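S.K.: Hey, can you work out the whole structure from these sequences and the hints?
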Amino acid sequence: MPAPEQHRLIFRHIDEAGYTPALDCYVRNGGYEVLRKALQRKPEELVEEVKKSGLRGRGGAGFSCGLKWSLVDRKSGKPIYLVVNADESEPGTFKDRYIMHQDPHQLIEGIMITCFANKVERAFIYIRGEFPDGAKILEKAIAEARAAGFAGPNVLGSGYGCEVYVHRGAGAYICGEETGLIESLEGKRPYPRIKPPYFPAVLGLYQCPTIVNNVETLCHVKHIADMGGEAYAKIGTPNNTGTRILCVSGHVQRPGYFEFEVGKVTMGQLLNEVCGGPLPGRTFKAVIPGGSSAKVLRFGERYKGKRKVGADMVEYDWGVEDIPMDFDCLAMIGSMGGSGGVIVMDDSVSMVEALGNINAFYSHESCGQCTPCREGSIWMKKITARMVHGAARPEDGALLKSVADQIAGRTICAFGEACAWPTQSFIAKFGDEFRAYAQAKAAPRPANAPELV
Amino acid sequence: MTNLKPETLSRIDEVITHYPQRRSASLPLLHLVQEDQGYISAEAIEWIAAKLGLQPINIYELVTFYPMFRQKPVGRRHIKVCRTLSCAIMGGYRTCAEFQKQFGTGLGEVSPGGDVTVEFVECLASCGTAPVVMVDDELHEKVDTAKARQICDRIKAEGAAAH
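Same order as they appear, the protein sequences are chains E and D. Residues 421 to 873 in the working numbering are what the first sequence lists, from first letter to last. Residues 1111 to 1273 in the working numbering are what the second sequence lists, from first letter to last.
In case anyone wonders, no lab produced these hints; they're calculated from the structure. Be a bit skeptical, because a hint or two may be false.
Once the Cα atoms are required to be at most 30 Å apart in a straight line, the calculated BS3-like pairs of lysine-lysine come out as [to be verified]:
| # | chain 1 | residue 1 | chain 2 | residue 2 |
| --- | --- | --- | --- | --- |
| 1 | E | K556 | D | K1266 |
| 2 | E | K462 | E | K556 |
| 3 | E | K715 | E | K615 |
| 4 | D | K1161 | E | K498 |
| 5 | E | K556 | D | K1252 |
| 6 | E | K821 | E | K472 |
| 7 | E | K802 | E | K471 |
| 8 | E | K802 | D | K1182 |
| 9 | D | K1161 | E | K608 |
| 10 | D | K1211 | E | K556 |
| 11 | E | K556 | D | K1182 |
| 12 | E | K608 | D | K1211 |
| 13 | E | K488 | E | K472 |
| 14 | E | K821 | E | K849 |
The structure displayed is predicted, hence computed values, not measured ones.
M.R.: Written out as structure tokens, the structure is:
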């Protein structure tokens, strides 16, 4: 079956010739009209629209956006904050970069609608430190929007006011975790908070109720306010509504970003048709479907079970190529849609070395607060580095697994899982390669095999 | 600190107003001071802490945690090569080795002559155009060894012109 056409809702103007980040360009293309209409509605109605839309967060966890908003403590009398998670730190993910650099006003309009709907009067965009240009573009865009009355005090004469500020991170992955991000925004080390009691919806920024949403999620809010929640829910598939941006990197002919209705494109269509298939003379070996912490999939393996389609339970028997790219299907086969970052590896890659690369990332990024994660991530890095640069033993795979198994579930935040899942899945799917790595190392390497550790 | 530029000082005073609590301005102040001075000195840590009504340890612990803050000067240009998976499988390690070779320098050191500091950094969120490199604030995409050499030539020419 041929791949469906892209459905560019968020990325409609990305890479369009002549389209600039300037306010006049955005307004010329109908910008801020949705905000103008939204301001004439009751905030509660807008929250209802988002609930009806079925929108799930695009940052990684896929949590219902409407539900997140409805959990906010509105009775405390404390101010409510919106924090935009623009940390985009999950390896393999590179979608928010283009929104912020090329279409910043789309994000600002989504922010302003979200703030109005939730009675927020101060919002912060927490942007990763490695996007210095993005931060400048956003600051300029906010100043333009403010001067034109789309943000700041008395938005479009409505009497409602909200200030938006850009806050730059400084190179720490853990700031993508929402409570770590909040600590960082308070000027501290980004140590994630323990939940309960520190659910951001109740005790977030400055111990006030706080909504933390991803950049792409907030752009979807704009389109939901525009077309209505019901119409939006018709895009995509049930429980996986709307569109989503998939970022493909690694060993394909045409890597890049592609926006599809959620669940309408399969992994095979995405990699073989949209991205042009493997590089010349190569075959696909493995793919990580949702950012580097998602569990790896091995080409050639089968996934079988039963799933709900409409009212019926139907059996499925899929290869990697057959998997629909949505939250539920990827969770069903034991991985996750995560942040939409699809990393492809072909047969030139050693899975031991790829895991060594991933382990080096997680040991560098562990915040160090919880012992199992701090020590475990370093041990996993050291074991894989020793396998690559020193002596590899057949039992190293089992040793790695035993370390990983003692991290997940024993930490304050989901980083524990994020650093354990790659090791657990690489060993489960490519155990033979770990057992035989000493022999593989002695044999000649494939031409152009990349160094990874 | 008496040697901060007047523009930096006014930006510092402005950014503090963004937050209901002054401590939130710690990271913005560290960025501003590092942009002005090139690195964060012990004196700067004390100055920022005093400015925000904090103890020096509250700022020092940020400098030692966040990878982008540094306590020593870097070379005239700061080359940051992405080390993470998508860039590595597309040849990021070769790219990094080329930069080191061109400037005869190890990772994290100021090169002889002071042109550059070459560093490996974690994911820069541009995986679709791997391997990627940032030279100061500027992103370079699909930097294979040939493109790395072009960037090196440009930096060397700038350095020669400056002398």
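S.K.: Each hint should be assessed against the structure and marked as holding or not.
M.R.: Consistency of the hints with the structure:
Distance restraint check for K556/E and K1266/D: the Cα-Cα separation of roughly 28 Å lies within the 30 Å cut-off, and the hinted pair is therefore satisfied. For the proposed pair K462/E and K556/E, the alpha carbon gap of about 33 Å is over 30 Å, so the pair is violated. Of the supplied pair hints, the one linking K715/E and K615/E holds, its CA atoms being roughly 25 Å apart against a limit of 30 Å. Of the pairs offered as hints, the one joining K1161/D and K498/E holds, with about 27 Å between alpha carbons and a cut-off of 30 Å not exceeded.
Distance restraint check for K556/E and K1252/D: the Cα-Cα separation of roughly 24 Å lies within the 30 Å cut-off, and the hinted pair is therefore satisfied. With a C-alpha separation of about 42 Å, the suggested pairing of K821/E with K472/E is violated against the 30 Å cut-off. A distance of roughly 46 Å separates the Cα atoms of K802/E and K471/E; the hinted pair therefore is violated under the 30 Å criterion. Between the alpha carbons of K802/E and K1182/D the distance comes to roughly 28 Å, so the proposed pair stays at or under 30 Å and holds.
Distance check on the hinted pair: K1161/D and K608/E sit about 16 Å apart at the alpha-carbon level, within 30 Å; holds. Distance hint between K1211/D and K556/E is unfulfilled; the C-alpha atoms sit about 33 Å from each other, more than 30 Å. Note on K556/E and K1182/D: the hinted pairing holds, with a Cα-Cα distance of about 26 Å set against a maximum of 30 Å. The hinted pair formed by K608/E and K1211/D fails the criterion: a straight-line CA distance of about 38 Å is larger than 30 Å.
Distance check on the hinted pair: K488/E and K472/E sit about 13 Å apart at the alpha-carbon level, within 30 Å; holds. Straight-line distance between C-alpha atoms of K821/E and K849/E comes to about 12 Å, which keeps the hinted pair within the 30 Å bound.
Consistency note: the structure conflicts with the earlier hints numbered 2, 6, 7, 10, 12.
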